[in-house]
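J.: As a plain string of letters, each chain reads:
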Amino acid sequence: MKFALTTTALALILAAPALADIKIGATISETGPASFLGDPEAKTLKLLVEEINAAGGVNGEKLELVIYDDGGDPNKARTFATRLVEDDEVVAVIGGTTTGTSMAIIPVFEDAEVPFISLAGAIEIIDPVKPYTFKTPHTDRMACAKIFEDMKKNAITKIGMISGSDGFGASMHKQCLSIVGDYGIEVLADETYGPTDADMTPQLTNIKGKEGIQAVLNPGFGQGPAIVTRNYAQLAVGLPLYQSHGVASDGFIELAGAEAAEGVRLPGTALLVAKLLPESDPQRAVVTAYKDAYEKATGKPVSTFGGYAHDALRILVDAITRAGSAEPSDIRDAIEATKGLVGTTGTVTMTAEDHLGLDLSAFRMLQIEKGGWKIVE
Amino acid sequence: MPELLQFLLSGITVGAVYALVALGFTIIYNASDVVNFAQGEFVMLGGMITFFAHAAGLPLPLAALIAIIVTAAIGVALNKLAIEPARGAPVVSLIIITIGASIFIRGATQLVFDKQLHRFPAFSGDQPILIGGATILPQSLWVIAGALAVFICLWLFFTRTLIGRAVLATANNRVAAQLVGINTNYVMTLSFAMSAAIGALAGVLVTPITLTGYDVGLALALKGFAAAMLGGMGNPKGALVGGLLLGVLEAMTAGYVSSQYKDAAAFVVILAVLFAMPQGLFGRKSTDRV
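Protein chains in written order, with the UniProt record's numbering: chain A, 1 to 377; chain B, 1 to 290.
Next comes chain A alone, as it looks inside the complex (with noise of 0.2 Å):
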């Protein structure tokens, strides 16, 4: 009887290995000052492995999903990923929810040779281009464009500027001003604020008093620009507000209000409009769906940052089917073939330069209608 047991369990043993699982790894912040960002994504990740393993798997093997909570915090990400590829031996990782810990992981996967794809915007991720780290979310660069094409669509050329001064704020401000001089507009105004300041009407008064500004600009993130909103009515300054698609979500029109809200433009994704896309847009069925199911899910509005992990994981796992492999330089390969992919952010395609693969057209102009949002094109 007993050595009947030891045969069973030592057969269970030597038969684990062989359902071996497709492991991937992620290291996203969870909790901690990002976690907004990061919230979404696990969720989203979790979501869809198990949507996946309920639907066969990949390549008929089931995914296994290792996941960390960095908490935002570089350091701890950089131990996470170093776990990920040491221990856990995962074959590709997603992750890295903010600039700040994707860049400080990136050489971990670089030299261990695992594909990584980042969730995070900083086109200093992908550019200059390194062989295995890869993103989805589009550029803050791409942003800036998206916007100014719109304002050159409008005969806008000279324009006031408001921006945070946290590390969103910042960067975007940065990019901005690198290519607004190619759409021949003038920056007449140049204002900051602080990322957890309370009254913005200062640097507005300076904006509206300014002889010559046809519309103003606010790159921001979190609570800045639901107050600049705000204040920006409070003082009825009247001109055309842009916003940023750092807050690209229904939670910025309740935070600003309806009404301060009214007229405001700014880049989004389709996934915010999912329902207002027309029957023939190839993303549409693929945003309802996602949209869908994470709502019925976890019961919360589905978020960009959210999208982002889905496609993400999109990417992956249609590359390691075209591989038909789960070895992490065949996976990367395919990752870097990716072609004609549709995702929440726009159609991924990837070449040996371009390892994000949007264009402009991932983005689209919005604009505050009545508390909803409105497609401009």
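I should point out that these hints are in silico values taken from the structure, not numbers from a laboratory.
There may be inaccurate statements among the hints.
Example chain A residues on the side facing chain B (calculated, C-beta under 10 Å, incomplete) [as the list claims (entries may be wrong)]:
1. Phe36
2. Ser165
3. Gly209
4. Ala233
5. Ala236
6. Leu255
7. Gly257
All C-beta atoms, glycine included, are put in the ideal place defined by N, C-alpha and C.
Given chain A, work out where chain B should sit, using these hints.
T.: What follows is chain B alone, placed relative to chain A:
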């Protein structure tokens, strides 16, 4: 000229927010010489609890009342569970305990509520009031009125009531206060309840302007603390004047110099004042009678 007025109104709006937060520091400081770094968390709780109670369908005034009572209870719990057991510890240790408590409250709020930013409607609408070409929101007037009301109540409390004097006596010399029959444990509990309630009231009043989220407490506490230091720690008048001064200073720098140096300019002035008057503008002189 309308610009100057607008900068001034902006400064007063922000300054009243700082003053309300700064006023919350005074009672606990007066009772125990402890600077309570969880004060910002009380402000945050006031806003968050009100928002979620309001979102659950309660009318705003009732939601605000619940928030103030619950936060006061949390203040009492903080005193009973963390401060009282460490009674014999030096003030610095107690201050470190309040820092720990603030981290704990922030984490708990993330779990109990959520990680998003929130706002509830202003009490009297969003229609700006025009004053000589400049504008101010009605909610700013509520915040200013709130700061003034709390200031007057505190001033009366410390100078006109027996229990207020008992609070001051406890801070001055706990053993002597006990000898003359003051229940110092009760005084400490009361001061935590009152500080937490004032913090929560501040949160209720400022949320329509500043918005709220689990992590807004730290920034508010930092500015409130700076305002309290500028005016003189422990003095309600100092908190009010310090807060308004800090707000106006920031607005003027943002308006006339550069918004980049707004915070820096304010802190340079605070440093200069503290060099000349280490006790702040209205701080009590620390003389020990022998």
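J.: A separate judgement is required for each hint: does it hold in the structure or not?
T.: For each hint, the structure was consulted:
The closest approach between the C-beta of Phe36 of chain A and any C-beta of chain B is roughly 5 Å, which is under the 10 Å cut-off, so the hint is satisfied. Evaluation of the Ser165 of chain A hint against chain B yields a held restraint, the C-beta minimum of about 8 Å falling below 10 Å. Interface hint at Gly209 of chain A: satisfied, since its Cβ lies 6 Å from the closest Cβ of chain B, which is below the 10 Å cut-off. Proximity of Ala233 of chain A to chain B holds as hinted, the smallest CB-CB distance being about 8 Å (cut-off 10 Å).
Look at Ala236 of chain A: its Cβ gets to within about 8 Å of chain B, closer than 10 Å, so that hint holds up. The restraint placing Leu255 of chain A at the interface with chain B holds, with a minimum CB-CB distance near 5 Å, inside the 10 Å limit. About 6 Å separates the beta-carbon of Gly257 of chain A from the nearest beta-carbon of chain B, less than 10 Å, and the hint is met.
The structure meets every hint from the earlier list without exception.
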